[in-house]
Structure formats: structure tokens, C-alpha cells
Amino acid sequence: AQSVTQLDSQVPVFEEAPVELRCNYSSSVSVYLFWYVQYPNQGLQLLLKYLSGSTLVESINGFEAEFNKSQTSFHLRKPSVHISDTAEYFCAVSGANAGGTSYGKLTFGQGTILTVHP
Amino acid sequence: DVKVTQSSRYLVKRTGEKVFLECVQDMDHENMFWYRQDPGLGLRLIYFSYDVKMKEKGDIPEGYSVSREKKERFSLILESASTNQTSMYLCASSLQGAKGYTFGSGTRLTVV
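Quick mapping for you: the protein sequence lines, in order, are chains S and B. All the letters of the first sequence, read from the start, carry residue numbers 1 to 118 under the numbering used here. All the letters of the second sequence, read from the start, carry residue numbers 1001 to 1112 under the numbering used here.
Mixed in with the good hints, there may be bad ones.
Claimed, not checked - Each pair of labels, with its calculated beta carbon distance range:
| # | chain 1 | residue 1 | chain 2 | residue 2 | range |
| --- | --- | --- | --- | --- | --- |
| 1 | S | Ser52 | B | Pro1039 | 31 to 37 Å |
| 2 | B | Asp1028 | S | Pro12 | 30 to 36 Å |
| 3 | B | Arg1044 | S | Arg77 | 24 to 30 Å |
Please keep in mind that the hints were generated in silico from the structure rather than gathered at the bench. Think of the CB as a built atom: it goes at the ideal place given N, C-alpha and C, for glycine as much as any other residue.
The task is simple: from the sequences and hints, build the whole structure.
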């Protein structure tokens, strides 16, 4: 079984400050890891993903996340946030083995609401 | 781009009604999923389907059923709606397991 824990339910920050949204997971199999973003009154959009290779992955709008296998973490960071980054962020995990019982199913964390203040 | 369309953005239904939530995707994806989203709980998987007429229970299937008669359409059915099923329902589809999910915009269901 897989599980995801997002350690902060709400993170308020000021514009241009750095931010880290924390995510820890547990799984008995190899994993794929994801961060999704949900802007107010919209569906979920993929922000970035780790499938294999480099443990540091980046999004087009300045976010990055690092897969740390020993600490089973996938924290999301941005060095300088904008008002437009205000949204709810979800960390998710999926089993990486085709045909396994967890293959294709995403397990989500509880979500972190990031609020950027001017 | 893949498009996942959920037929209703908002729905209000009465307790005991049978409710159908429809989801259609336009890119021939094998896998389709229904999640519900509740504050503080994130998204929880209700049912998923990896082929036509195939379905598997997710983590919270009680009180729900699904139908997938055609590859592009995946319906979620609330047999007898209850107030604790008031929630945001999100449909998703994917081609290669979890590597590339596309979500619909969601249906906000209120059961009164």
C-alpha cells in the first residue's frame, strides 16, 4: 500500500520570498512522484514529475522538487514566489512497475494551500 | 491536448436520488479514474477502469458504482445519494499508467 503525507495544510508567504512545500511518501515498490497544482475553481494540472533519472526535476514556472529515496521525500521548492502562485498543491505517488497492483493509480496527499501575500 | 470533459460543473440533488456523473475523454486512453476531493483529505480514488467493461474498486467505493460501455466514456453512479456524498468529483484519464494523467474540471455535487 502507498501513502502520502503533506506536512503543512497551509503555507502563507510574502511575495518574492522562498517557499518549500513538504511531502513524504511510503511505498513497498519503486515509485513515480508528482506534484499537481489546483488554482481556484479549476481542475488539477500537472506541475512536475519524477519518473527516473535525475532526482531534481523542474517545472516551467520556476518550481523544483528533489526525490530523496533515503528520506522518502519529494519536497517542492521555489526561490521567489509570485501572487499568481496562490493555489492548492498536491503531492502524489504511483507504483512504477507495470502490471503491479498499484500501477496507474495515483495516491494523493491531503493538499497544501499556498497563499502569497503582497 | 487531451481533453477530459465532465458534463456538469455544479449539481444539486436530493437525498435518495440516483445520480449520474459523466466523463468523456477524446484521446483513446485505456485508463480512466474517478476521485472525490474533500478539504483536508486530498483526492481519494473511488473507482477506476483500465479497459471497456472493466472496473476495479479504489479506496472508497462504498455507495458508488461505475459504468464503462465505451472507451471514451466513464460514468460514476450514486445509487441513492446521501448528504455525505456532497463533494467535488474529479475524473481523469491516462495512457501510460500514472505517467500522464489528465483531469477534468470537476463536478461539485451537493446533496440536500
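Here is what the structure says about each hint:
Restraint check, Ser52(S) to Pro1039(B): a C-beta distance of roughly 34 Å satisfies the suggested window 31 to 37 Å. For the pair Asp1028(B) and Pro12(S), the beta carbons lie near 43 Å from each other, so the given range of 30 to 36 Å is not met. Against the hinted window of 24 to 30 Å, the Cβ-Cβ separation of Arg1044(B) and Arg77(S) comes to about 27 Å, which satisfies the hint.
Hint violations for this structure: number 2 only, all remaining hints satisfied.
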